[in-house]
Amino acid sequence: MKRYILARLAIVPFLLFGIVTVAFIISRLIPADPLTSIVGERAMGNPEVIAAAKSKWGLDKSVPEQYWAYLSNLVRGDLGTSFRTKNSVVSDLAERIPATLELAVTAMIIGGVGGVLLGKFSARRKDRPADHAARVFALVGSSLPVFWTGLAALFLLYARLGVFPGPGRLPSRVDPPPQVTGFYTIDALLDGDVSLFWQCLARLILPAAVLGWAIMGSISRLVRASMLDEMHSDYVRTARAKGLRERAVMRGHVLRNALLPVLTIVGFSFATLLTGAVLTETIFEWNGVGSYAVAATRNLDYPAINAVCLFGGVVFLLSNLATDLLYALADPKVRLT
Amino acid sequence: MTGPLLSLSGLTVDFSVGDGVVHAVRGVDLDVNHGEVVGLVGESGSGKSVTMLGLLGLLAPNARVGGSALFDGTEILGLTGKPLRALRGGRIGMIFQDPMTSLNPVLTIGRQLAEAIEAHQPTLTGKRVRARVQELLEMVSIPNAAERIAAYPHELSGGMRQRVVIAMALANEPELLIADEPTTALDVTIQAQILDVLADLRQRTNTAMVIITHDLGLVAGVADRVNVMYAGRVVERAEVDEIFHKHQHPYTAGLLRCLPRLDRRGIDLDPIGGAPPRLDRLPEGCAFAPRCRAAIDECLVRDPMLRMVGASVVACHRAPDAVASLTGAGA
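These protein sequence lines are chains A and B, in that order. Mind the numbering: the first sequence is residues 1 to 337 in the working numbering, read in order. Mind the numbering: the second sequence is residues 1 to 331 in the working numbering, read in order.
What the hints contain is simulated information worked out from the structure, not anything from laboratory work. Fair warning: there could be bad hints in the mix.
[Claimed, not checked] The calculated DSBU-like cross-link candidates involving lysine-lysine, where the alpha carbons are at most 35 Å apart (straight line), are:
#1 LYS82/B - LYS127/B
#2 LYS86/A - LYS126/A
#3 LYS246/B - LYS333/A
#4 LYS333/A - LYS86/A
#5 LYS126/A - LYS333/A
#6 LYS126/A - LYS127/B
#7 LYS82/B - LYS2/A
#8 LYS86/A - LYS56/A
#9 LYS54/A - LYS2/A
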């Protein structure tokens, strides 16, 4: 097990190197000039300003030289300075990652718990109207794009019915709670400010539900199918023949075994969540990595683009690793050596 | 307390499938006395497993069980909830056919055994449960029982797993043990070991057993009495010796002719021609008649009832002459 983890971790740097390189190449291939966003349209006519900006941001050097400089900075933990915000990318990201994680984790909980419950509900009512309704609900969630469901949810639940607050992590003119974890809901609780907690939670629920709904479909479908498989398995009959309560049979044998394949899809879903976050954050004015990525791309903010790609890569690799390890813990037949 | 431990009368099991109904068990009468080993023999699909699974409500939801089943004088058909759970794994233990699939792959065998004990003795402390688990594993001769408690099913061989399944069935000292093809999925050498385990248990615990099998050879070694089933009915019932030497039903005779025997080297096996009837479209008359070499016109129109012939109870119009006429015809 230990060796397996070490081996997996050992290849992580190589994968990250690949991600960084691809991101670097793609951003340089875009036929546009980042100088426009650095110095502004008006100064574009002034060769001195341009030359100064080019040398300041290292754009006067050849692409291989830029690449080398980028890599050597990266090794030292320096992701460069954003063309757009003029802050170091590391501090920009540090500020925004908690926002995205808060959204993604909440969406994961909504989608994961909702998907498992929905799948279990469907499996126990196989082919009855309730099953069909549940499956349609799940299918709609995973088929509709999140920017559409997000807009529709905002329009209906905020603009029309007013049951949810509008976009943004915080109400206007309210200061965020003192930062501990970066999750506003948790920090508000830690600060003892219960009313702020509820405000933050109310603003978190809608985007998280929109995002969670998108992954609920694949999870519930898998849970339903694998529960139906397990229900007819011999060892479930054995469990019944032992005199176990139906509830114990369902929880201890059927659901437990049915959740094994679900672990895999949960890992993949986390990646879906992150890409979904780009759109959701833009629509809900969520100050996270997703909206940062959109702004960075729009301004051809090379360091920020690369950093966001790197972040995505790290999250993807870590969630896959976590999936594998959880799988090994849950399924004794998988012995990692 | 002199009555039989288990007494089935007119037991039926119907499965509703799509457009029709499959009559898998069509009125089975069967007694199992205290401490007795009863063999239930027949081809696949003859209804032998379904009969016993139906008793404990272990069939698929589309099954309907009818008739009567008295266990120790009490009707057990239609039981649900707590009284049913008290029987399952409590007073009646079950052993299943395929030990590769009848254990949960993600739980240790110790956990699965403990579950069986805890379901019926909820007041037992963890320590006592563990001690009992080990005792059970030793009872079915699993070596290094103390270490094996933490093993997962895939870490054990098929024979060892079947011992675990047997131990599980015995966890609460049942009065009746139902073994559904306990050796079918195992190698021949392992089969013999498992049979030894069962025979040994029988001697020590005096548990009554029903052994379901398609293998008459297996029954010869362990059973006291044998019921031969065909198309959802018992067609012949007798002491084990009678079944082998003085059987009255042409189907029993056919099954025996299918057994390879060392004393008949060089003589071809003689399989029963044809296939069992479809249970949703049973012929009029005797269900075996279309495959029976001794059949007469009456067999095709009137279903024979069970009756005493010699030392057997048999459902055949032509008994006691049927088997004799077969030998004549075969020669």
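(message) Could you work out which of the previously given hints the structure breaks and list their numbers from low to high?
(response) Of the numbered hints, 2, 3, 4, 6, 7 and 9 do not hold.
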